[in-house]
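S.K.: Below, each chain spelled out in residue letters.
There are 4 protein chains.
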Amino acid sequence: MYEFHARRRIEFSDTDMAGVVHFARFFIFMETAEHQMLTGLGVRPGSYRDASGRSFAWPRVTATCDYLAPARYGDELDIRVTVERLGRSSLTYGFDLSCGPVRVAQGRITAVCCALEEGGVMTPVPLPEALVERLGQPLVG
Amino acid sequence: MYEFHARRRIEFSDTDMAGVVHFARFFIFMETAEHQMLTGLGVRPGSYRDASGRSFAWPRVTATCDYLAPARYGDELDIRVTVERLGRSSLTYGFDLSCGPVRVAQGRITAVCCALEEGGVMTPVPLPEALVERLGQPLVG
Amino acid sequence: MYEFHARRRIEFSDTDMAGVVHFARFFIFMETAEHQMLTGLGVRPGSYRDASGRSFAWPRVTATCDYLAPARYGDELDIRVTVERLGRSSLTYGFDLSCGPVRVAQGRITAVCCALEEGGVMTPVPLPEALVERLGQPLVG
Amino acid sequence: MYEFHARRRIEFSDTDMAGVVHFARFFIFMETAEHQMLTGLGVRPGSYRDASGRSFAWPRVTATCDYLAPARYGDELDIRVTVERLGRSSLTYGFDLSCGPVRVAQGRITAVCCALEEGGVMTPVPLPEALVERLGQPLVG
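Respectively, the protein sequence lines represent chains A, B, C and D.
Numbering (this note's numbering) for the first sequence: 1 to 141.
Numbering (this note's numbering) for the second sequence: 1001 to 1141.
Numbering (this note's numbering) for the third sequence: 2001 to 2141.
Numbering (this note's numbering) for the fourth sequence: 3001 to 3141.
Just so you have them, the derived chain C footprint on chain B, three or more residues with Cβ under 8 angstroms:
(1) 1008-1014
(2) 1021-1032
(3) 1035-1046
Take a look, some chain C residues computed to stay more than 12 angstroms from chain B by CB distance:
(4) E2003
(5) L2041
(6) S2052
(7) R2108
(8) C2114
(9) E2129
(10) A2130
(11) V2132
(12) R2134
Which bits of chain A does chain C cover? Going by a derived footprint, with three or more residues having C-beta under 8 angstroms, they are:
(13) 9-16
(14) 19-27
The set of hints was computed from the structure by calculation and includes no laboratory data.
Here the structure is a predicted model, which means the values were calculated and not measured.
Every residue gets a Cβ at the ideal spot worked out from N, C-alpha and C, and that includes glycine.
This is chain A alone, in the form it adopts within the complex (with noise of 0.2 angstroms):
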């Protein structure tokens, strides 16, 4: 199974009044850890319009944290991210969040590639080819 590995400092911002990081920043670090996965695999990931002028975006479709340990400022974290399905539009990741030895959070992000039509509508469209062929793990569904 494809395995990607990114960290991250905490920063001031990320944190609450309860001097903890406030856990909807956790889906970020998530975000933004698949991202670098996609970059180093040479796809874009975010928002884009490509050489033809077509406009693309992964939208989410589901996210979800479960939250195991606290984490605080100028921690630095671990993210593991793996591919935990591959479908003919969707990708699933899995996420470990790690602060040393501690395990903070693990989540699950699925992710669907769209064309970004005029006015905003988004259709799936088949992962690029490039991306399943590096990732190397059968598709599902």
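Take the given structure of chain A and dock chains B, C and D to it, following the hints.
M.R.: Coordinates of chains B, C and D only, in the frame set by chain A:
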């Protein structure tokens, strides 16, 4: 089942370059609706110190969101909050987010009532009795 | 001078580990109040495509904030917006943010009305005439 | 004059629907670069409790940013931090943010070293001596 409704207008800073609300913002929308519900029930949400000097917080143990349709700048969201499960120290909220007749997302968050000790250690404590009474639902587990 | 008032409740996610509102959030508070003002004047704020298919945005050229007192979770802010200067393409807003009798911050933002061309190039265009009429202030420069 | 350089990759969640980095994010970029500088100088930034149990924080008294060119998703920012003014309790930082040869923004932030008392009251205290020595600049005012 106790039910609460909140409304919220999408702001420019909620959006990303795909032209729609960034997926992580939905967790903020859910949290704020939860806090409005708790405040209305006479319970202090967030993180606070009580009259006796003890500090409390409501850390999340799990948060999930399914995205059904994009939400856009200027949209007004209706957020319906229900209490899906009432534990000894924990609450599981369900959220339905709609924009007019369109359901844009549904989510679930489990939060735990904790005492916040010196050094930032968080220890689960029983839910405030007044809250349990107000909700009028059986405790589970 | 045209004057607009907005109100906003501080959310948990606006805070940081120092126990107060994070300083960067005040810029979001100011921007949203500005947008509410423009919407009330019949002008489309944010970034949009008009009926003829042209896209527009209001990028900022400068933003500043002086912090006078901390704002805290649950506080309700009164935000007074004035138009300090009306240029051919630009607007300079002044902001006073108070919490009850306490002034917590004052800021200033200059935004420029721009056409958003292919490739993301932004070109200043004259302010909407209807806006200039509604504000009833002399153009400067 | 003391000078520090930081680098930062623009993330998807830094953008807004105009397709560029949201203006308020630049204040986060500046703050994080400041914190990296302070950490490198052996000073604890953010908000913390020292060995004797006293709490400290660095609230901002003013923050400003001039926007010179848009920054976009995937850009790598070079952030140059200088200390423009060293007061008894306060530091004024200057920031230059560039993307390759293009200057995208310049900013200034004044922060005050404060003791954080019970009840959240913040009282200015002299800057840490070690910091003043390391910066090697004359104190003003």
